[in-house]
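Spelled out from the first residue to the last, the chains are:
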Amino acid sequence: MTTDVMISASGLTKQFGSVRALDNVTFDVARGEVVGFLGPNGAGKSTTMRVLTCFIAPTAGSATVHGFDVFEDPLAVRRSIGYLPQRAPLYGDMSVQEYLLFAAQVRGMDEGQFKSRLNKVIEVCGLAQTLTKQISHLSHGYRQRVGLGQALIHDPPILILDEPTSDLDPNEKAEVLRYIKDIGQNRTILLSTHNLAEVEDSCARAIIVSKGRVVADGALDEIRSTTGNVRYVITVDEQSAEGTHRPPSAIELQKALESLKGARGLRELPTDEKAHRFELSGSHESDLRAELFRLMVQKGWTLLELRRDAQSLDAVFRELTRGDEELDRGRPVIDDDDDDANADGDADSAEDSDDKE
Amino acid sequence: MSPMMIIAKREFRSYFGSPLAYVVICLTFLLLGLAIFWVGGFWKVDRASMHLLFQYMPVALAVLIVPVVTMRSMAEEKRSGTLEMLITLPVKDSDVILGKYLGALGLVLMVVLATALYPLAMFWAPWNLGPLDMGPVWSGYIGLVLFSGTAVAIGLLASSLTDSQAVAFFITFFVLVVLWFMGTLAEHVEKAWLADALTYMSFQSRLEGFSRGLIDTRDVVFFLSAMALALVTSFRALERRRWV
Numbered sequence: 159m160t161t162d163v164m165i166s167a168s169g170l171t172k173q174f175g176s177v178r179a180l181d182n183v184t185f186d187v188a189r190g191e192v193v194g195f196l197g198p199n200g201a202g203k204s205t206t207m208r209v210l211t212c213f214i215a216p217t218a219g220s221a222t223v224h225g226f227d228v229f230e231d232p233l234a235v236r237r238s239i240g241y242l243p244q245r246a247p248l249y250g251d252m253s254v255q256e257y258l259l260f261a262a263q264v265r266g267m268d269e270g271q272f273k274s275r276l277n278k279v280i281e282v283c284g285l286a287q288t289l290t291k292q293i294s295h296l297s298h299g300y301r302q303r304v305g306l307g308q309a310l311i312h313d314p315p316i317l318i319l320d321e322p323t324s325d326l327d328p329n330e331k332a333e334v335l336r337y338i339k340d341i342g343q344n345r346t347i348l349l350s351t352h353n354l355a356e357v358e359d360s361c362a363r364a365i366i367v368s369k370g371r372v373v374a375d376g377a378l379d380e381i382r383s384t385t386g387n388v389r390y391v392i393t394v395d396e397q398s399a400e401g402t403h404r405p406p407s408a409i410e411l412q413k414a415l416e417s418l419k420g421a422r423g424l425r426e427l428p429t430d431e432k433a434h435r436f437e438l439s440g441s442h443e444s445d446l447r448a449e450l451f452r453l454m455v456q457k458g459w460t461l462l463e464l465r466r467d468a469q470s471l472d473a474v475f476r477e478l479t480r481g482d483e484e485l486d487r488g489r490p491v492i493d494d495d496d497d498d499a500n501a502d503g504d505a506d507s508a509e510d511s512d513d514k515e
Numbered sequence: 002m003s004p005m006m007i008i009a010k011r012e013f014r015s016y017f018g019s020p021l022a023y024v025v026i027c028l029t030f031l032l033l034g035l036a037i038f039w040v041g042g043f044w045k046v047d048r049a050s051m052h053l054l055f056q057y058m059p060v061a062l063a064v065l066i067v068p069v070v071t072m073r074s075m076a077e078e079k080r081s082g083t084l085e086m087l088i089t090l091p092v093k094d095s096d097v098i099l100g101k102y103l104g105a106l107g108l109v110l111m112v113v114l115a116t117a118l119y120p121l122a123m124f125w126a127p128w129n130l131g132p133l134d135m136g137p138v139w140s141g142y143i144g145l146v147l148f149s150g151t152a153v154a155i156g157l158l159a160s161s162l163t164d165s166q167a168v169a170f171f172i173t174f175f176v177l178v179v180l181w182f183m184g185t186l187a188e189h190v191e192k193a194w195l196a197d198a199l200t201y202m203s204f205q206s207r208l209e210g211f212s213r214g215l216i217d218t219r220d221v222v223f224f225l226s227a228m229a230l231a232l233v234t235s236f237r238a239l240e241r242r243r244w245v
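The listed protein sequences derive, respectively, from chains A and B.
Heads up, the first sequence stops at 515 in our numbering, and the numbers go up one at a time, no gaps.
Heads up, the second sequence stops at 245 in our numbering, and the numbers go up one at a time, no gaps.
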């Protein structure tokens, strides 16, 4: 139903000098959806959000928010959204309560409306202790909460949050995500991040952008299966074996695994057990587990672990945004020719650098 | 209250959140006192006149008060990113510019009006140095208010062109000082048309009449149009962010 489309971007293009920050970005967000907007630094996440909040105008394309056109009715668009820009820029010379009152007054709320909303916002954002403190004295986590608070003060149907969890410590991050989950129950939320774990936790759908283009858009499971690969993790004991058989060396095991039909991208994983641990990937349709088991029985090796899972979102993300690394200032190009995940740690490493398109 | 007035109020209050406003006010009174009673020789002139106040106050506004007060208004918002937060509230760009303008003008006018303590203290109570001709005082203040309005608009324009407070300060300082001393400069220019043009644009010659008790419509219109021009240009400078 068209009335249920809360955010609609069609063909958004933004040219900064010779740099094309957005290239034909098109997507819709329906009522009640919490959508993760993902991409590496400089992929165009913030630019898209700035267009949607009418802070900048696109070079081409159009967008509507809550049914209002960003060109024709920017004030109506801004009235229906709560927006948290990256890094939550707030006036440091005001106290938390003063700031929230300022945001409420500019939005045309009267004293009574403000008071009743304030209690809600304090509760949801956990601001009770800091209400009278000056913003410049707050930690980054609390500033982020105040930023979230001002975005919620008028009870908007749509929230646009630009990296609400960057620069937070893991505890703060978890808390902010919990808030987002709470408030997302009856709102439409577009949330940008380059931390994939967050999306898995709080969003049902993700849009992945890379170099200004949408490279994937859909439910997380769908996106996960786009590359059509599954991965297997195998751990084999390196000390004991069945009967008269010798336990395998790493090379023997590797050769045996390579000989399997349909196995690709074999690589050894580190382990602190006295065992060899390998990872390999196979296509979505076939199942290598039976063959792996037979191989172990035939050789008389002791299989300690055999696991098959869908590719992690991390790996999909890296695959989809490959080539973007050159754009990331100061970050070395990741030489990763496997199409699978190595660890979750990688999502965090990108967070230090700032995301300015 | 309209968004414009809410922004203006916030802006005005924010000046008192830092020592800036207090330092400017104290420094102004200190320097103005020195200028009137020491450099200007108020006692030697021996006349019941506030002419010296209207001679020195615009200089204080041009070199100190206005550049310091307006330097952060837009520049700091851009540097710290709060501009994005402000603009994405349901406010028009013109609300932002006019709100900032009124906030800064409010502080400057407060300082200007506070100088009325001089004539009050000297010619009314506790001292009564003689009968003061009130005409030039009134017109002098009207001149100061008009000049402040124009100077703050120019300062706001400088601040919206850069995201560095220091750069904004020096642009405002430079422009105001040049526009102020253009009249003096004109005396040393040989070409008559150039001298006329410089005198025509000089703030000093425009304010001359006000301090003598003469309110000329041409001067009023000059200040009002300079003010409007600077404000419209600031508005354009803010709007430009959307397209580049």
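Simulated from the structure, these hints should not be mistaken for laboratory data.
A hint or two may mislead.
Unchecked claim - A few chain B residues that don't get close to chain A, going by computed Cβ distances all over 10 Å: (1) G18; (2) L84; (3) T89; (4) L90; (5) K93; (6) W128; (7) V233.
What the hints assert, rightly or not - With a cut-off of at most 30 Å between alpha-carbon atoms, the simulated DSBU-like pairs for lysine-lysine come out as follows: (8) B:K10 / A:K278; (9) B:K79 / A:K331; (10) A:K273 / A:K291; (11) A:K413 / A:K432; (12) B:K93 / A:K278; (13) A:K331 / A:K291; (14) B:K10 / B:K93; (15) A:K291 / B:K10.
Claimed, not checked - Just a few of them, taken from the derived set where beta-carbon distance is under 10 Å, the chain B residues facing chain A: (16) K10; (17) S81; (18) V138; (19) V245.
Every residue, glycine too, gets a C-beta built ideally from N, C-alpha and C.
Exercise for the section: Would you pick out the hints that fail for this structure and give their numbers low to high? Expected result: Checked against the structure, the hints that fail are numbers 1, 2, 3, 4, 5 and 18, while the rest are satisfied.
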